[in-house]
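> Quick note, the sequence shown lines up with residues 1 to 680 if you use the UniProt record's numbering.
Keep in mind the hints are simulated off the structure, nothing from the lab.
Even glycine gets a Cβ: it sits at the ideal position worked out from N, Cα and C.
Just to be clear, a hint being listed does not mean it is correct.
[Stated by the list, open to error] Simulated DEER-style distance windows between Cβ atoms:
| id | residue 1 | residue 2 | range |
| --- | --- | --- | --- |
| 1 | P363 | E164 | 51 to 59 Å |
| 2 | P363 | N70 | 49 to 57 Å |
| 3 | N464 | Q129 | 47 to 55 Å |
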Amino acid sequence: MAKKRSSLKKSRSDSGSAAMNTKKFVKRTQGTRNGLTFKKGEHSLNPDRKAKGDHFRSRATINRLRMYKNFKPIRDARGKIVRAAPYQEKLPSGTVARVEPHRKWFGNTRVVGQEQLQKFQENLGKALQDPFQVVMRQTKLPISLLTEKAKQQRVHVLDTESFEYTFGKKALRKKPKVKVESLETLCGEVVQRTEQYDEATDSSLIKNAIPEAVENSNPLFKAGQSNRVWGELYKVIDSSDVVVEVVDGRDPMGTRCLHIEQFLRKEKPHKHLILVLNKVDLVPTWITKKWLTLLSQELPTVAFHASMQHSFGKGTLINLLRQFANLHKDRQQISVGFIGYPNVGKSSMINTLRSKRVCKTAPIAGETKVWQYVSLMRRIYMIDCPGVVYPQGDSETQIILKGVVRVENVKDPINHVQGVLDRVREQYLLKTYSIDPWNDVYDFLTKICVKTGRLLKGGEPDWNTAAKIVLNDFQRGRLPYFVLPPGCELQNAQGHCEDNVKCAEEIATNECNDSNDIANEESNAADDHNNSDDDDDNGTLTDLGSTCSGLTNLSDLDDLDFQLPEAPEGTIDAGAEPIEKNEPKLEKRRARGKRAGKKLSEKRNRLKHGKPFDKCSGIVEFGLSEKKKETSTCQASAVTNINFIIVEFYILVNFPISKHADLQLSLHLSNYVAEMCVML
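Given only the sequences and the hints, what does the whole structure look like? Please build it.
Take a look at the structure:
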C-alpha cells in the first residue's frame, strides 16, 4: 500500500509544483534582528532594556555577566559563527555607525605655534628631570609626538638604507658604488693604506675599555637571576604605584639596580620611584649626608634604619608615602612596592613601618620567596618582593660581600677572605677578634682559629670555619666598612672619622654593657624580689634629690634654689609634704625590659647616697589607743627629720658654698635640732 500511495503521489500533476513552492523555515538567531540596533526585550541580561529604577543592573554589569556566562561564540553545524561572544562582535566592512553629535565640534579651534611648543617642551623636561616635582595631571594630547628622539647629530644610515634593501635579495640599488676601476687598483690602495696606518692616531680604537666579563658557570652565584624571581619582580612593578628601591648604606652604588631604574623611566614613567638608604647605623653620619646629597639630585632619597625598637627615618618615609597618597586622590588606595638586592632589608623595613612582624626576615639572602601584600593604612598597601640581581659581571668575591649568596653554601670561603682584608681596616679586625697582627690570609685565619678554639684533630686550624665566620661578620655588619662617595678623598675621610664615633665601637660597647647588665640583673633578681615592697616606698634617685631642700646645684649661689619651711618655730607638722623643687635632668639610660633591672638601679642609688629604709611610714597598727598612735606618729616623723638633718649635714660638709647660704642652712639646722630635742 505504501508503494501504491507513493506512486499515486508521484502521478499527480501538481505534486512537483507544490514541492517547489514549499519554503524552508530558518530559525532566526537570538539577539538583534536585521535592521534593528537595540534589543526590545526586558530580560535581566538585556543591556538595552529600559531601566525603571535605580536598583537595576547597569549596562557594564550586564555585559560583564554575559561575558562570564557566554564566553564562547555559538556556531552552527558547519562551524560558522552564528552569534559572537560578548565583546567579540565585528561589524562588516562599510557599516555606517551612528556618532552622537556634539556642540564642541563646531567651536573655535586653537592653534599652537612653534615657540609655544618649544616653551612647553622645556618646562615639561624640567619637571620630569627634577626628582622633587610631580606631574599632577597628564593631558590627553599626544605629548610623545613632541619629544625629540633624535638627539645625536650624525645621521643613522641604517635607518635610511638598511642592509637588507642594499645588499640582500631585496636590494633596490642595482649598481654598487665602487671607486676603483679594476681589482689591481683596489689591491694597490689596500697596500698603501696598510703601510700608512698608525695605531696611535686611530680614533676607532676604544680607550680604557672595560675588560670582557666572563659569565660565572657556578649556579650558586646566579642567585636572584632566575626567571621565577624576575617574574615576581615584574608582578610587583605592575601592581605598584610607588616603587621604593632599597639600597645598602655601606655600598649604595654596588647594590643599586640601574637596569630597573632605566626600565621604569622608559616603560613606566607614570610610576614614582624612591631611593631608601638602609643600614645607615653601620656608617658614619657624614657618609650618610654625602650620599643623600648626591642621590637626591637624581631621585627622592630617604635615610632609614630598620629596627622594631630604635628605628630611624620611619616618620619621614611614612609622610612621603602619605604625600603620594594625597597626590592620587582619585584612587581608592595606592600600592608601594619594595625592590632591591637580596639581604638589603626590604622585609625588615616593612616590619618597621608596621611595628609588627608581618614579613618573614632573616640575616641571610633569599628568605623571601614570593611577593606579599601588607596593609600599612587604609589607603596605602605595601608589597614585599624577593631580592633580584642584574648580572653586571661581578666577581665571586663581590657577589659574596654584597650579601647575595649565603656563606654556608660557599665551597671555598678561604679564597674570599682577602676581599674582607682589603676592605676593612686592620685596627678594626684586631679589636673585633682580639688577635695579634698577621702576615697573610692563612696567618689571619690561624689566629682566629686559636682564639675561638676552631681546631681539628692534632691541633690543626679549621680554616674553612674561620673563613665563614669572617664572611658572616662582614655581611651582618659586625666589621665596619663603607664605600666613599665620589669626590671624597681618603684624607678627608680619616679626618671625619676622628670626629665621629666609630659605629662598630659603639655597637660593641653597647653589647658588652647589655650583657653585663643582664648578668647582674639575673644574679640580683632574687635579692631584689625580697625587698620589692620596701623599694617601692623609698623611691628613686629623683625622689631623694627632692627631699634635700631643693639643692640641685651647689657650685654657685645664683643656681641655689633654697626656701625655709613656712611653718612657725616650735611647731611640728608631721603630715606636711616636703617641698618639691626644680631638679636636674638626668640622662636616661637604656630602657630595661625586666623589673629586676629597675630594682637594681634603685638599690644602687639608695646605697650610694646613704638613704636608709623608712620602715615606719608604711606600718599601721590597729587596736592601739590614740595616745600610743600619736606617740608612734611622732617617732616616725622624728626618724624622718633626723634622716633629713643627716643628709643636709652631709651636704654642708662635702660641698663648700657661700657664707650667706651657710648661714641660712645653719639656722635651719639649729631649729630642727631644737625641735628634735623637745620631741625626744
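> Now tell me, hint by hint, if it's right for this structure.
The hints, checked one at a time:
In this structure the hint that P363 and E164 lie 51 to 59 Å apart at CB holds, the actual value being about 56 Å. Between P363 and N70, the C-beta spacing of about 55 Å keeps the proposed range 49 to 57 Å intact. At about 51 Å, the beta-carbon gap between N464 and Q129 stays in the expected band of 47 to 55 Å.
Consistency note: the structure conflicts with none of the earlier hints.
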